[in-house]
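Student: The primary structure of each chain is shown beneath.
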Amino acid sequence: MSCGNPVSEEDSLMLRRTKYDKTRICGKCRTNVGNVVIRHAVYCKECFLPNITTKFKRILEPTINVNGTRKKGFKPTGNLCVGFTGGLGSTVLLDLISDCYYSTPTNEDVLKGGKDHPRNAGVWKKATVCYVEICNALPGTRDRTEEVRDVVEQYKHFDFLPLRIENAFDDMWWEKVGGQRSELSLKVDIGNEELVMIPQPIESRDPVAALLAYISALPTQTAVPSAIQNLVRLLLLRTAWSTDSSHLLLGTCLTSLSVSLISSISQGGGFVVREEAQEEWQPTVSSGSRRAIKVVRPLRDIGMKECAIWAWWRGLKVVGKESFLGGKQGIGALTKNFIVGLERDYPSTVSTIARTCGKLAPKDNSEAICLLCERPAQPGVQDWKARISIRSFADPGLASPPPHATNVVSNKTDDLSGPSLTPYLCYPCHTTLTSRSSRGSTASALVNSTPLPVWVAPQLDGKGIVEEWGSRKMERSDMKQSISEFLLPDEDS
Amino acid sequence: MSPRTCALCATNKAMLKRPKTGQQICRDCFFYVFETEVHNTITQSSLFKPGDRVAIGASGGKDSTVLAYVMKTLNERYQYGLDLFLLSIDEGITGYRDDSLETVKRNQQQYSMPLKILSYDELYGWTMDAIVAQVGKKNNCTFCGVFRRQALDRGATVLGVDHIVTGHNADDIAETVLMNIMRGDIARLGRCTAICTQGEDTIKRSKPFKYAYEKEIVMYAYFKKLDYFSTECIYSPDAYRGHARVFLKDLEAARPSAIIDIIHSGEAFEVREEVKATQKVQQTCKRCGYMSSNDLCKACTLLEGLERGMANSGITDRARKKLDAEGPAPENIRTIPFYNPPSSTLVIAVEATNDGKPSTS
Chain A
1 MSCGNPVSEE DSLMLRRTKY DKTRICGKCR TNVGNVVIRH AVYCKECFLP
51 NITTKFKRIL EPTINVNGTR KKGFKPTGNL CVGFTGGLGS TVLLDLISDC
101 YYSTPTNEDV LKGGKDHPRN AGVWKKATVC YVEICNALPG TRDRTEEVRD
151 VVEQYKHFDF LPLRIENAFD DMWWEKVGGQ RSELSLKVDI GNEELVMIPQ
201 PIESRDPVAA LLAYISALPT QTAVPSAIQN LVRLLLLRTA WSTDSSHLLL
251 GTCLTSLSVS LISSISQGGG FVVREEAQEE WQPTVSSGSR RAIKVVRPLR
301 DIGMKECAIW AWWRGLKVVG KESFLGGKQG IGALTKNFIV GLERDYPSTV
351 STIARTCGKL APKDNSEAIC LLCERPAQPG VQDWKARISI RSFADPGLAS
401 PPPHATNVVS NKTDDLSGPS LTPYLCYPCH TTLTSRSSRG STASALVNST
451 PLPVWVAPQL DGKGIVEEWG SRKMERSDMK QSISEFLLPD EDS
Chain B
1 MSPRTCALCA TNKAMLKRPK TGQQICRDCF FYVFETEVHN TITQSSLFKP
51 GDRVAIGASG GKDSTVLAYV MKTLNERYQY GLDLFLLSID EGITGYRDDS
101 LETVKRNQQQ YSMPLKILSY DELYGWTMDA IVAQVGKKNN CTFCGVFRRQ
151 ALDRGATVLG VDHIVTGHNA DDIAETVLMN IMRGDIARLG RCTAICTQGE
201 DTIKRSKPFK YAYEKEIVMY AYFKKLDYFS TECIYSPDAY RGHARVFLKD
251 LEAARPSAII DIIHSGEAFE VREEVKATQK VQQTCKRCGY MSSNDLCKAC
301 TLLEGLERGM ANSGITDRAR KKLDAEGPAP ENIRTIPFYN PPSSTLVIAV
351 EATNDGKPST S
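Quick mapping for you: the protein sequence lines, in order, are chains A and B. Take the first sequence: its position 350, counting from 1, is numbered 350 in this note's numbering, and each next residue is one higher. Take the second sequence: its position 109, counting from 1, is numbered 109 in this note's numbering, and each next residue is one higher.
Since the hints were derived computationally from the structure, they do not count as laboratory data. Where is the CB? At the ideal position from N, CA and C, for every residue including glycine.
Calculated from the model, a selection of chain B residues having no Cβ within reach of chain A, i.e. all distances over 10 Å:
id, residue
1, D129
2, D162
3, N294
20 Å max Cα-Cα, derived SDA-like pairs, lysine to any residue:
id, chain 1, residue 1, chain 2, residue 2
4, B, K13, A, P402
5, B, K204, B, G81
6, A, K125, A, T63
7, B, K17, A, V408
8, A, K57, A, D95
9, A, K385, B, A194
10, B, K105, B, I117
11, A, K176, A, I202
12, B, K276, A, T352
13, B, K225, B, T73
14, B, K17, A, R391
15, B, K249, B, M219
16, A, K359, B, A277
17, A, K363, B, C196
18, B, K17, A, G191
19, B, K13, A, H404
20, B, K105, B, L115
21, B, K49, B, A194
22, A, K359, B, A187
23, B, K49, B, H39
24, B, K249, A, Q329
25, A, K363, B, T278
26, B, K215, A, S437
27, A, K363, B, D185
28, B, K13, A, S392
29, A, K385, A, P423
30, B, K13, A, P401
31, A, K336, B, D250
32, B, K17, A, P402
33, B, K13, A, T406
34, A, K336, B, H243
35, A, K359, B, R183
36, B, K286, B, L296
37, A, K363, B, G184
38, A, K363, B, K276
39, A, K359, B, K280
40, B, K276, B, S293
Build the full structure now, drawing on both the sequences and the hints.
Tutor: Here you go:
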């Protein structure tokens, strides 16, 4: 590289560092001149494309059958649901699924591999592509539903199912996807660390207004992306459930997975680090069968750069997605900047993060499920928080307040006006709703009656939190119905 | 606008915003909650028993100075019944450690605690100045960290103590969790959030400031007007750790609870059983008797490289192979005196940090 100075001596010029270690020849076929360099390895186009397909199948295919083997072909127990964001990863994912399992034979390769080959027979009977539009959660952003529809409808085997993020507060959508209705609607006081719940009679509500009330009540800007991500995840899972899907596939590539792992750990999600990569989910309250949905990220061995090259060579149109990582100051955005920057200087960091996290497991077993994210919740979280930081001298765990504290302020449960949501939340969700910024709260004045997503209240039914007799006068027949399971036959007759 | 009252006592005027909780509180309440939280950390983990001889790893920096002050305060207030000592390591860094050791000597007088200083020069025959002259600034933190851990254990043996406490704070631990994930260091990741690391009958090593924010330690030292030394090590910091530190500070600025959230994550997971089974078994170094994963411990490997003029042999595999190809170590090279721990073996490996502390792993 020349510095432009003709009199400059050759020795004083800085040499450009080569991006590949040894040779420009493809390391796979050892014949062609390479076209791309992936973590110091050189590939030609002919070798790169099948290599990506192999990596994709290596992750996905062992999860398709119940027992993991595929000696007699693929027999998934349900349909397929694909979570589509319009971003690079999900665009590549859709293309790979179509190419590997739903491709239309051309003249040259009619029924190549036989009629039972997954490519010719299809693996899942029905495939739904689900897109969640989040523009109503982020004022000033545009609705991309139609652009996404154009992309998805290029693939004739996929049904397009657009959702909107406000569906998370929409009772009609909830009933449509088979959600159990609760007798009461729940609001919560986010301004109070105990997250006091306020049961209210069911009334029709505007989903968009409820969504905005929820978002604006969050205590920090960093909580907004976490909340949106959680709502999108649950909307996808519920949709996968309602479409009888056995698999929900997400386009999380290796780089995005590393970002979400570090981001989750930075928000206290160490207990569910395994679920960030792969999880099985079933609704905590359901009237149907006890089947589970496998959430798989088939691109988790493929880096962002490889996805971009695939999309470029395959001529894929990437719609793009709203960055809701919280501007420059969100946990997700900070993590992404950090990881992508590291990937430049230390190319193996990204895969090291994913591999390291793959070797971890939660320390304790837990039967508890968080009401908000429906992931496992570690017990004893509140005791831990109280132990490591004293927030009130009225805390019963504190031996004695200091001598000068004669006018101790109580913010604990004794004077709560209702039940607390806190014991039913996991650490990250509780932190999202309560962690304050050092620059003060960004929450609106409506924090004391914040609506909650539609799936929260039904999970509390039967837990003695939202009992009917606590909120309305009941007829004798209704009272008897409520206690019927405790009445002995004689009494009943 | 009337002055805010303290969110905790509701009596005094609030003087500060607590970095850990964001609450606006008075100075007296800050001292009280800071000290009580450290006390809770100590008692809930049953770190000490009456009569224990405890060495405080003292560098003269803010963390170890505040630790010495708080340990003395709590020992008297709650009658722990501990014999407290100061233990310092002189790495031989001119213009840095010699100045900070002067602070430690003043702390010795101020807190009336016996002080033991052990130098790299007397233990290994090398100062850090000499090491940097040979290896340069790039990998010198590896030498310093490995040598310091062993030096602390040897100093503790000389003092006859049961326990070493170090000033690692919540920021250090959160940073180490991230570092170990990024480096894929599963063995260290599994133990870096433990408050106390100890093998059978070995010297315990604990971190009473595990949940104390670095900013609060500085705040405590400031309000208590403690005498501490505050200069970064003159040798280059570990670039990779530097990235993690900047990232953590950014996270903390965005969400102050991030530090504690990362520690919570580190405590919530563990290495899967099948992975644990593949990890190396701990043994003792054949040359110096210190704990090791291989025939030679890391300190002996590094020292041999220095003595034979091939310092990188302890850093890279390629350099190690080159050293091995040159045949066995000559008889006349300096070696570390044989280590006789209070009992069998120790358990923890070493990694350098930039701030004079051994790693949290």
